[in-house]
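For reference, the chains in residue letters:
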Amino acid sequence: MVEKKIVVRSQDTNQHRVLDRATRQRRLTRQLEALEKDNFQDDPHASLPQLAKRLPQFDESHESGKKRKKTRGDHFKQRFRKNFQALLEEENLSVSEGPNYLSACAESSKLPQRHFCAVCGFPSNYTCVSCGARYCCVRCLGTHHETRCLKWTV
Amino acid sequence: MTTLVLDNGAYTAKIGYSHEKVSVIPNCQFRSKTSRLKTFTASQLDEIKDPSGLFYILPFQKGYLVNWDVQRKVWDHLFGKEMFKVDFADTSIVITEPYFNFTSIQESMNEILNFKRSSGSLSAHRYFQENSSELCCIVVDSGFSFTHIVPYCRGKKMKDGICRLNVGGKLLTNHFKEIISYRQLHVMDETYVLNQVKEDVCYVSQDFYKDMEIAQLKGEDNTVMRDYVLPDFSAIKKGFCKPPEEMNFTGKYKSGEQILRLSNERFAVPEMLFHPSDIGIQEMGIPEALVNSVHNLPEEMQPHFFKNIVLTGGNTLFPGFRDRVYKEVRSLTPTDFDVSVVQPNNPICYSWEGGKLLSENPDFDEMVVTREDYEENGHFICEEKFDI
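First to last, the protein sequences are chains A and B. The first sequence maps to residues 1 to 154 in the UniProt record's numbering. The second sequence maps to residues 1 to 388 in the UniProt record's numbering.
Derived from the structure by calculation, the hints contain no laboratory data. Be aware that a few hints might be false.
To give an idea of the interface, some chain B residues facing chain A are shown, with a C-beta separation under 10 Å as derived from the structure [to be verified]:
#1 R31
#2 T39
#3 S43
#4 L45
#5 Y64
#6 F100
#7 C153
#8 E178
#9 Q206
#10 A215
#11 Q216
#12 K218
#13 G285
#14 L297
#15 M301
Each computed DSS-like pair below joins lysine-lysine, with the alpha-carbon atoms no more than 25 Å apart [stated by the list, open to error]:
#16 B:K33 - B:K157
#17 A:K110 - B:K307
#18 B:K73 - B:K38
#19 B:K159 - B:K252
#20 A:K37 - B:K327
#21 A:K37 - B:K38
#22 B:K237 - B:K252
#23 B:K49 - B:K62
#24 A:K37 - B:K159
#25 A:K110 - B:K159
#26 A:K37 - B:K73
#27 B:K327 - A:K110
#28 B:K210 - A:K110
Derived coverage of chain B by chain A (criterion: at least 3 residues anywhere in the stretch with Cβ under 8 Å from a Cβ of chain A; other residues may be distant) [what the hints assert, rightly or not]:
#29 87-96
#30 243-250
#31 257-269
#32 320-330
Think of the CB as a built atom: it goes at the ideal place given N, C-alpha and C, for glycine as much as any other residue.
Model the full structure from these sequences, guided by the hints.
Here it is in structure tokens:
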């Protein structure tokens, strides 16, 4: 009996950890950023040893041709190596008024936000106290606690 | 003199000579688990026998050309002897760029493609111009990276009315992948396969909450539910939906194929185009943004825009897309305005066709910049000649 009580209490303290608004927002931003990714897996070539390229080439002319091409590629890389963020920052400095990339973004909707269960996707009426995720029934809440609540580190 | 029209999209390039047909080719490179050491470019995708776990290398980031190295390889392939055998000395090129393209991207583009070039991105509307006696139209272009809503009046785009939603096909596929991975089967690595599933089974709901109710029902009443047979790339080359009469409501099949059971995912995923706030993107949905954009324009023009709504881009191919846009725009506008939503037969290649018509325009020669012009005047001449 006594042991059981202790277990309940220890679970309880765990349950009472409530994420504040800033953390919830951070988690949401991270999820949305993940949706912009091109791939979730690693490059299948990343683990390959670069041996094939370093092998001595017997065909002299072939090698020189390859070299020239490579330097051209490097040149391109040097000149145009800017990611989206860098381009955006650069643009902000030069353009200050008038419609631009940032001002063209849609405003936030006037309609109220709808809520869906984070587990099954159906309309939900309840919010998880700890992390703010939505759920629709006790079963989904159980699944949510077991899998994602306060554990999700995408 | 020939003209090559290239609608350079973030996911697919729509390319073809103006006197020939258009081809839709992936604008990216691929790596596959099975064939190591080889990187496949654009149309070489067909050579990959087992595209499971396909790795994408995309030249675009958030809809803007960033990775020039990859883009150059794709272009080399497209223009080269394997594909279009372009003779640059004797070819004009019409190429498109996104709205609000960054100046440094434009400069690089002008420099690399330093032969004749005429800015597109307007091509969709050029087509409209040819087609109709109307003065204004509003183009909804829902592509891979984002969705743009752009009003045009007498062939000029109205910059103040341009509106962008950061929801596109890529986001839909990634979200679809994520919920399937959480609910059923881990498919996070299978972008290629899941994109196919999305295109095959997703649709835009006409009555969202009603469909939600149907999707919750059990057994045969649940008309939304589908079982999708995933490809294994040996016996099943391409995934497909199980025909309704073969569906087994317990979800257990003896044949041993891999099945995805899809219910509310089918319409909840495209729903993000209409309610991006469902996943926490605080932006308006397409109909609301469209109406909002029109309201920012001069009042006397507004009825003309509602009468001429044109849908382009791959996302508009979801069944029910046009009807839903019509329904919502209709309910958001006063009854004395006519609302008409046009979906062309081939919304993906619509702007390519616009570019084709443009190249047949008698004034076309004045719109292009030759290499000599460019070398003489630099980037300035491009800014002057292209409507960017």
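Against the structure, the hints come out as follows:
Below 10 Å, beta-carbon pairs count as interface contacts, and B:R31 has one with chain A at about 5 Å; its hint therefore holds. Residue-level restraint check for B:T39 holds (minimum Cβ-Cβ distance to chain A is 8 Å; threshold 10 Å). This hint is violated: B:S43 has a C-beta 19 Å from the nearest C-beta of chain A, more than the 10 Å allowed. Using the Cβ-Cβ criterion of 10 Å, the hint placing B:L45 at the interface with chain A is not satisfied: the shortest such distance is roughly 15 Å.
The interface hint given for B:Y64 is met, as the beta carbon of that residue sits about 6 Å from the closest beta carbon of chain A, less than 10 Å. With a cut of 10 Å, the hint placing B:F100 at the interface with chain A holds, because the nearest CB-to-CB distance is about 4 Å. Hint status for B:C153 relative to chain A: violated, with the closest Cβ pair at about 15 Å, above 10 Å. Interface hint status for B:E178: upheld, as the beta-carbon distance to the closest one in chain A is roughly 7 Å, under 10 Å.
At a threshold of 10 Å, the smallest CB-CB gap from B:Q206 to chain A is about 17 Å, leaving the interface hint violated. At a threshold of 10 Å, the smallest CB-CB gap from B:A215 to chain A is about 7 Å, leaving the interface hint in force. Using the Cβ-Cβ criterion of 10 Å, the hint placing B:Q216 at the interface with chain A is satisfied: the shortest such distance is roughly 6 Å. Taking 10 Å as the C-beta contact cut-off toward chain A, the hint placing B:K218 at the interface is violated, the least distance being around 14 Å.
Checking B:G285 against chain A: minimum C-beta separation of about 7 Å stays under 10 Å; hint holds. The criterion of a C-beta within 10 Å of any C-beta in chain A is not met by B:L297, whose closest approach is roughly 13 Å, and the hint is violated. Taking 10 Å as the C-beta cut-off, the interface hint given for B:M301 is violated, the closest approach to chain A being about 17 Å. For a cut-off of 25 Å, the pair hint linking B:K33 to B:K157 is broken: about 45 Å separates their Cα positions.
Distance hint between A:K110 and B:K307 is fulfilled; the C-alpha atoms sit about 24 Å from each other, no more than 25 Å. Annotation: proposed proximity of B:K73 to B:K38 holds, straight-line Cα distance about 14 Å (limit 25 Å). The suggested pairing of B:K159 with B:K252 is violated, with an alpha-carbon distance near 55 Å, which exceeds 25 Å. Among the hinted pairs, A:K37 with B:K327 is inconsistent with the structure: their alpha-carbon atoms are about 33 Å apart, more than 25 Å.
Proposed proximity of A:K37 and B:K38 is supported: the alpha carbons are some 22 Å apart, at most 25 Å. Taking the CA atoms of B:K237 and B:K252, the gap is about 22 Å. The hint holds against a cut of 25 Å. With a CA separation close to 29 Å, the supplied pair B:K49 and B:K62 exceeds the 25 Å bound. At roughly 29 Å between alpha-carbon atoms, A:K37 and B:K159 are farther apart than 25 Å, so this suggested pair is violated.
In summary, the hint linking A:K110 to B:K159 is supported, as the alpha carbons are separated by about 23 Å, within the 25 Å threshold. Between A:K37 and B:K73 the CA atoms are separated by roughly 22 Å; this keeps the pair inside 25 Å, and the hint holds. A distance of roughly 18 Å separates the Cα atoms of B:K327 and A:K110; the hinted pair therefore holds under the 25 Å criterion. For a cut-off of 25 Å, the pair hint linking B:K210 to A:K110 stands: about 23 Å separates their Cα positions.
With 0 residues having a beta carbon nearer than 8 Å to a beta carbon of chain A, the segment 87-96 of chain B misses the requirement of three or more and the stated coverage is violated. Here the segment 243-250 of chain B counts 0 residues with a CB under 8 Å from a CB of chain A, which misses the bar of 3, and the coverage is violated. Here's how the segment 257-269 of chain B fares: 3 of its residues keep a CB closer than 8 Å to some CB of chain A, so the rule of at least three is met and the hint holds. Here's how the segment 320-330 of chain B fares: 0 of its residues keep a CB closer than 8 Å to some CB of chain A, so the rule of at least three is not met and the hint is violated.
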